[in-house]
Amino acid sequence: MRQCGSGLPVRGQRTLSPQPLRRSGSTRWCLADVTVNWSSSLSPLKVLRMTSTFDITRAGLDDVPDLVPLYERFFAEDAIKIARSKIEANLRQMLVDDRAAVFVATADGQAIGLASASFTCGVEFGWAAEIEDLFVVPKRRGQGLARQLIEIVLEWADDRGARQSYLVITPEAEDAQSLTALYSKFGFVRSDRLLMYRAS
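In our numbering, the protein residues as written are 3 to 202.
Just so you know, these hints were derived from the structure itself, not from any lab. Just so you know, even glycine gets a beta-carbon here, dropped at the ideal spot from N, CA and C.
In silico lysine-lysine, BS3-like type, Cα no more than 30 Å apart, as pairs:
#1 K88 x K141
#2 K187 x K141
#3 K83 x K141
Per label pair, the in silico range of CB-to-CB distance:
#4 Q112 x V191: 31 to 37 Å
#5 D100 x D194: 28 to 34 Å
#6 R192 x L63: 35 to 41 Å
#7 D194 x D110: 39 to 45 Å
#8 S202 x P173: 23 to 29 Å
#9 G111 x V191: 35 to 41 Å
#10 V125 x D57: 35 to 41 Å
#11 L63 x G111: 15 to 21 Å
All chains, full assembly: derive it from the sequences and hints.
Structure (structure tokens):
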């Protein structure tokens with residue numbers, strides 16, 4: 003198993019940690035011993051899912067102009083204030099870092115949804131993936147797109163040896179979309195830990 007101190011630069015450990023996630027009869031999201039493979043096997047522009055109504059690809063730098071407006075809508079729905087310039091700068095950083103991935107759904111040449119994740123490492127859980135963002139434009143909701151985006155992001159994390167996957171749901175998102183019910187279908191369980199953060 004690759005250790006956190008093996009020379010790879012890692013991001014700071016998050017304050018919210020998950021409990022082991024299990025599917026019935028499976029330990030898909032709770033592996034015992036893993037080696038993290040940081041080489042990206044999913045290159046940008048490769049279609050990962052294709053349906054009669056939308057495609058899902060791993061985003062690259064060329065997708066930034068389409069993704070930034072989606073992120074602005076996503077943050078507005080969650081009542082999070084963040085400057086457009088900060089969204090773009092952080093997004094660009096994620097897109098060139100093998101420890102992170104952003105996936106974009108398109109239909110008729112328009113970006114209609116996104117999902118992202120990034121890796122962290124800590125002593126308690128080892129390598130873990132945080133599902134950072136999930137957004138589908140309102141007129142495309144209820145068509146199974148969010149479910150497919152979650153599946154792709156979890157596959158990406160699993161393929162790279164995540165021992166845990168976790169996420170944070172804002173009260174606004176829970177009130178508007180009942181996201182706890184959605185994520186529980188993928189084996190996520192509530193944590194009794196408190197999330198705290200400090201801006202640097």
